[in-house]
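Asks: Given these sequences and hints, build the entire structure.
Number of protein chains: 2
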Amino acid sequence: MSAIQSEIRRGAYYDSVVLMQLQRELAALPGVLDAGVVMGTDANKDILIQSDLLTPEAQAAGADDLIIVVKAESEAAAQDALAQVDALLTQRQSSAAQEGYRPKSIESAAEMLPDAQWVLVSVAGQYAAGVARKGLELGKHIFLFSDNVSLEDEVSLKQEARDRGLLVMGPDCGTAIVDGVGLGFANKVRKGAIGVVAASGTGLQQVTARIHQLGAGVTHGLGTGGRDLKEEVGAITALQALDVFRRDPDTRVIVIISKPPAERVARNLLRAARATSKPVVVDFIGFEPDKAVDGNLHFARTLDEAAEMAVALLNDLPEEAPAPEASPFAPGQKYLRGLFSGGTLAYEALLILRDMLPNLYANLHLDGVADLANPMQSQANTIVDLGEDVFTVGRLHPMMDNDLRIRRLHQEAADPETALILLDVVLGYGSHPDPASELAPAIGEARQQAEAAGRHLEFVAIVVGTDEDPQDMAAQIETLEAAGVKVFTSNQEGVAYAGQRVQPLNPLTEGQPVALESLRGPLSAINVGLEIFAESLKDQGAEVMWVDWRPPAGGNERLAAILARMRG
Amino acid sequence: MSAIQSEIRRGAYYDSVVLMQLQRELAALPGVLDAGVVMGTDANKDILIQSDLLTPEAQAAGADDLIIVVKAESEAAAQDALAQVDALLTQRQSSAAQEGYRPKSIESAAEMLPDAQWVLVSVAGQYAAGVARKGLELGKHIFLFSDNVSLEDEVSLKQEARDRGLLVMGPDCGTAIVDGVGLGFANKVRKGAIGVVAASGTGLQQVTARIHQLGAGVTHGLGTGGRDLKEEVGAITALQALDVFRRDPDTRVIVIISKPPAERVARNLLRAARATSKPVVVDFIGFEPDKAVDGNLHFARTLDEAAEMAVALLNDLPEEAPAPEASPFAPGQKYLRGLFSGGTLAYEALLILRDMLPNLYANLHLDGVADLANPMQSQANTIVDLGEDVFTVGRLHPMMDNDLRIRRLHQEAADPETALILLDVVLGYGSHPDPASELAPAIGEARQQAEAAGRHLEFVAIVVGTDEDPQDMAAQIETLEAAGVKVFTSNQEGVAYAGQRVQPLNPLTEGQPVALESLRGPLSAINVGLEIFAESLKDQGAEVMWVDWRPPAGGNERLAAILARMRG
Numbered sequence: 150m151s152a153i154q155s156e157i158r159r160g161a162y163y164d165s166v167v168l169m170q171l172q173r174e175l176a177a178l179p180g181v182l183d184a185g186v187v188m189g190t191d192a193n194k195d196i197l198i199q200s201d202l203l204t205p206e207a208q209a210a211g212a213d214d215l216i217i218v219v220k221a222e223s224e225a226a227a228q229d230a231l232a233q234v235d236a237l238l239t240q241r242q243s244s245a246a247q248e249g250y251r252p253k254s255i256e257s258a259a260e261m262l263p264d265a266q267w268v269l270v271s272v273a274g275q276y277a278a279g280v281a282r283k284g285l286e287l288g289k290h291i292f293l294f295s296d297n298v299s300l301e302d303e304v305s306l307k308q309e310a311r312d313r314g315l316l317v318m319g320p321d322c323g324t325a326i327v328d329g330v331g332l333g334f335a336n337k338v339r340k341g342a343i344g345v346v347a348a349s350g351t352g353l354q355q356v357t358a359r360i361h362q363l364g365a366g367v368t369h370g371l372g373t374g375g376r377d378l379k380e381e382v383g384a385i386t387a388l389q390a391l392d393v394f395r396r397d398p399d400t401r402v403i404v405i406i407s408k409p410p411a412e413r414v415a416r417n418l419l420r421a422a423r424a425t426s427k428p429v430v431v432d433f434i435g436f437e438p439d440k441a442v443d444g445n446l447h448f449a450r451t452l453d454e455a456a457e458m459a460v461a462l463l464n465d466l467p468e469e470a471p472a473p474e475a476s477p478f479a480p481g482q483k484y485l486r487g488l489f490s491g492g493t494l495a496y497e498a499l500l501i502l503r504d505m506l507p508n509l510y511a512n513l514h515l516d517g518v519a520d521l522a523n524p525m526q527s528q529a530n531t532i533v534d535l536g537e538d539v540f541t542v543g544r545l546h547p548m549m550d551n552d553l554r555i556r557r558l559h560q561e562a563a564d565p566e567t568a569l570i571l572l573d574v575v576l577g578y579g580s581h582p583d584p585a586s587e588l589a590p591a592i593g594e595a596r597q598q599a600e601a602a603g604r605h606l607e608f609v610a611i612v613v614g615t616d617e618d619p620q621d622m623a624a625q626i627e628t629l630e631a632a633g634v635k636v637f638t639s640n641q642e643g644v645a646y647a648g649q650r651v652q653p654l655n656p657l658t659e660g661q662p663v664a665l666e667s668l669r670g671p672l673s674a675i676n677v678g679l680e681i682f683a684e685s686l687k688d689q690g691a692e693v694m695w696v697d698w699r700p701p702a703g704g705n706e707r708l709a710a711i712l713a714r715m716r717g
Numbered sequence: 150m151s152a153i154q155s156e157i158r159r160g161a162y163y164d165s166v167v168l169m170q171l172q173r174e175l176a177a178l179p180g181v182l183d184a185g186v187v188m189g190t191d192a193n194k195d196i197l198i199q200s201d202l203l204t205p206e207a208q209a210a211g212a213d214d215l216i217i218v219v220k221a222e223s224e225a226a227a228q229d230a231l232a233q234v235d236a237l238l239t240q241r242q243s244s245a246a247q248e249g250y251r252p253k254s255i256e257s258a259a260e261m262l263p264d265a266q267w268v269l270v271s272v273a274g275q276y277a278a279g280v281a282r283k284g285l286e287l288g289k290h291i292f293l294f295s296d297n298v299s300l301e302d303e304v305s306l307k308q309e310a311r312d313r314g315l316l317v318m319g320p321d322c323g324t325a326i327v328d329g330v331g332l333g334f335a336n337k338v339r340k341g342a343i344g345v346v347a348a349s350g351t352g353l354q355q356v357t358a359r360i361h362q363l364g365a366g367v368t369h370g371l372g373t374g375g376r377d378l379k380e381e382v383g384a385i386t387a388l389q390a391l392d393v394f395r396r397d398p399d400t401r402v403i404v405i406i407s408k409p410p411a412e413r414v415a416r417n418l419l420r421a422a423r424a425t426s427k428p429v430v431v432d433f434i435g436f437e438p439d440k441a442v443d444g445n446l447h448f449a450r451t452l453d454e455a456a457e458m459a460v461a462l463l464n465d466l467p468e469e470a471p472a473p474e475a476s477p478f479a480p481g482q483k484y485l486r487g488l489f490s491g492g493t494l495a496y497e498a499l500l501i502l503r504d505m506l507p508n509l510y511a512n513l514h515l516d517g518v519a520d521l522a523n524p525m526q527s528q529a530n531t532i533v534d535l536g537e538d539v540f541t542v543g544r545l546h547p548m549m550d551n552d553l554r555i556r557r558l559h560q561e562a563a564d565p566e567t568a569l570i571l572l573d574v575v576l577g578y579g580s581h582p583d584p585a586s587e588l589a590p591a592i593g594e595a596r597q598q599a600e601a602a603g604r605h606l607e608f609v610a611i612v613v614g615t616d617e618d619p620q621d622m623a624a625q626i627e628t629l630e631a632a633g634v635k636v637f638t639s640n641q642e643g644v645a646y647a648g649q650r651v652q653p654l655n656p657l658t659e660g661q662p663v664a665l666e667s668l669r670g671p672l673s674a675i676n677v678g679l680e681i682f683a684e685s686l687k688d689q690g691a692e693v694m695w696v697d698w699r700p701p702a703g704g705n706e707r708l709a710a711i712l713a714r715m716r717g
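Line order of the protein sequences matches chains A and B. Per my numbering, the very first residue in the first sequence carries number 150; after that it's consecutive. Per my numbering, the very first residue in the second sequence carries number 150; after that it's consecutive.
Hints may contain errors.
[To be verified] Covered, in the sense of this in silico footprint (three residues per stretch, anywhere, with C-beta under 8 Å from a C-beta of chain A), are these stretches of chain B:
#1 191-203
#2 592-598
[Unchecked claim] The calculated DSSO-like cross-link candidates involving lysine-lysine, where the alpha carbons are at most 30 Å apart (straight line), are:
#3 K440/B / K408/A
#4 K440/A / K337/A
#5 K340/A / K483/A
#6 K440/A / K440/B
#7 K483/A / K379/A
#8 K427/A / K483/A
Please keep in mind that the hints were generated in silico from the structure rather than gathered at the bench. Glycine residues also receive a C-beta, built at the ideal position from the N, C-alpha and C atoms.
Replies: And the structure:
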């Protein structure tokens, strides 16, 4: 015979560690056979059923209520156990109090530890977003271990972080390594030259551990949380992490680990990976890529292989990283403007640039390319087909008449954000008899005006034609080159070259860049939630301030809502 | 200080060359800083805004109105310039008139140049379909440069052309090369052995120019217009072009260039490409194929690669094209009839033949295969599964009982359109103990009757079995071969062989075939629209008659509509 007794505490909040420990302590009491201490969610009730611990009282509890169940050898033993709950809870509190003063809020913790770059959040899901938001307001990066955070909160937190040049790793981020210090769950990995971005906690652990075993090390292992690469979130954190690794001179090889992302997100991520100009190992776990190598991208099929490829790529690099080339462009010059007369050439250019440049616009429809709001006005990186119907009503095709294209060329050249203008020059019968004679002077003039304004403007032309065309192809090329134009006869090569020129000018992500210094040097953190994370940071030599955090209104949501309304 | 003056001419039609030249002449007048001469569309008004040339008058103009704007150093200079508009227009008219008599209609041009194979149409979009239709009625191929033509007009023009054995290239067809002569925009490309089909003008230019640069040449470069491969048009022109290249002995390698087409259209096009039995390079721009080579199809990813692959394939061919094999079949024999006892064998046969033969019917459902209206009656190319329920009510399965199949075999053999009969012969336990003993005499009889009627009937059998089957597989095969049957033991090989035998008998497209001679020899054309196309044809040694074309009612659409109603 055994007896079950339960107690329900309405609207009470306890740290999940406290609940776990209370359950263990109850179960260890004399005469007690088993105990359950859980919040009254449906899932938890199911777990109680499995353990034969669900009482009618517990069944009736709500998700905000704390259920305490004890199964004992006798009614008396069960009652004795329940009678000790308050004492056990108080005892835990006082032992914590012995450690000295603990701030009650993130704000006061931040005043006590002003250099803290990080806030670690591991409170229950419904409070986590609020805590994280406060951390962002204080200018801290967030390591958000908590799960059960809504997708809407994740998106708004990450957008705010991006605008402030801060990282939100998570929610449900198990692991990160920042300049040698592990946050959350992390292995002890030596410092080195491999940067890892991971939407997977144990993936990050497996890969960084393997890198260490192979004798190499990591600059940072940046976690993103498992949902970062979903369409709704759009890889905000992963793109920031890639941007960090692009700019960080200590990072020489990059690894990306994730389950296969949404197609549009994968395209953006791979475009950003290409734009880092560093070797990038990509492991979209379980995804079979078409080819093993694509430019600077190297596709791995397993976590082990990802680590091995990264180390091999690192070992193949020269010992010294090359000094970065100084940019000839003025600050603010960022964009490519392609003014095409040939529709298919424009289309192929888009296909090539779509994999290279963010914020690509056109007056042609293509997945992953935005429609120009007004074809007369370029936006960010733009490819415009000037042979489209809208331009040719009562006007000659731009292959015959350079007037419209020259006007547009001057318009683009006058835009301080334009860095490079891309043109096709299609020779042959029917086309203008001497297009270079009109384009070259306009280009020369545009370049001079830009230079006078302190800007450096580049021109790339793709000349399509044959040596037997009426225009004299060689002379056309010579005239354009004399005007300072870089000339190609292959559309593919010319467009790829132009894309590579402006790639370094385009940020990988919107918002403010994350300051590299904020990830370097002695790590200092405010811990809100599980004590164990504060302890492990201390063990690693980091400074930590552990906040004695309580939910608003002691976890009573109805009361908290009333308070919020009264303040509002 | 500068002054802007404008003038609006309502409902006036001018050739776009006239407008361009008027604009240039105005801009060159003393004291004039800039000029704009455009039809009053919204897009053109936007362009005037960009150039700081939009006046309130111009803003108020309609799409049918001609806007003339002059920006000059003074009011007087602007007025002087505008005062010269009529003189400048008249001067252009009279200079054109000096070139001698020009016919006012296509009909009279066709009388003056009866050998003309082509009508080039580059008038404004709203008139282009009408001009093209007249050209078709006169038995001419159409090169339709004009854009802004409706999809409905395109479909009806192309259907009519196909019925007449004529080509309609376009609308919005920028480029074609016919036997060395460029139409529209085209490079001077040497003649050679590569035929190019392109739904893309500059794609055709880039590929043919590259072919030339690589030392090879083209037979024809046939443009289709960008919408030809849309579901609604169904690749009518592209299929005609493939049919031309299949029959043209001078074309030894074929290139297809297009944006990725609709799936059903792509399947038809690739089937036709396979049926050419020549190496075909396919560049569905931006489409990543599963495999690089599939039989005679070779997939390219860029325009450059397409040209390079075509030249490499050509160089790999023996110097002399093999003499085409004389067909053993009588005219009118076209179709394959497959009489299967095994359902899965029939289904696999359909999967293979779907990629090889047009007009494929069956009593099994499969995408891209039509349902037989009556399973007892074959249509065009037919695969019938005689084991289907409808055939086996109160009857033994055809693997056990040959009666139904032999009756059907005689029925197919008597059809003068049947060229080949395909059978499966499934041995093993449960099957007929000696199927060849019944099938072989029936086949012999059917072949004799066909020969007596002047036809050549072929039989292909797939024998499925093992050397330990009760029927003696080797003896079964021997008996069938003795009756003149081509025997396979692999379903895939047997079906593919049968498909290949009838492939040359099946047209790639409906309607009349385009006469190869109409694309060869001295090119002669009627030009309606831009003068430059007439001039470039003359430069290339072609004969041209340039029609002094005017729109109905001088371009006044309301008046034209009234006239049309009065005539109607």
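Asks: Run every hint past the structure and note whether it holds.
Replies: So, going through the hints one by one against the coordinates:
1. 191-203: Holds: 7 residues of the region 191-203 of chain B have a Cβ under 8 Å from chain A.
2. 592-598: Check failed, 0 qualifying residues.
3. K440/B / K408/A: Holds, at about 26 Å.
4. K440/A / K337/A: Violated, at about 34 Å.
5. K340/A / K483/A: 34 Å, violated
6. K440/A / K440/B: Answer holds: K440/A to K440/B is near 12 Å, not above 30 Å.
7. K483/A / K379/A: Cα-Cα ~28 Å, so holds.
8. K427/A / K483/A: 20 Å, holds
Taken one by one, the earlier hints fail for this structure at numbers 2, 4 and 5, listed in ascending order.
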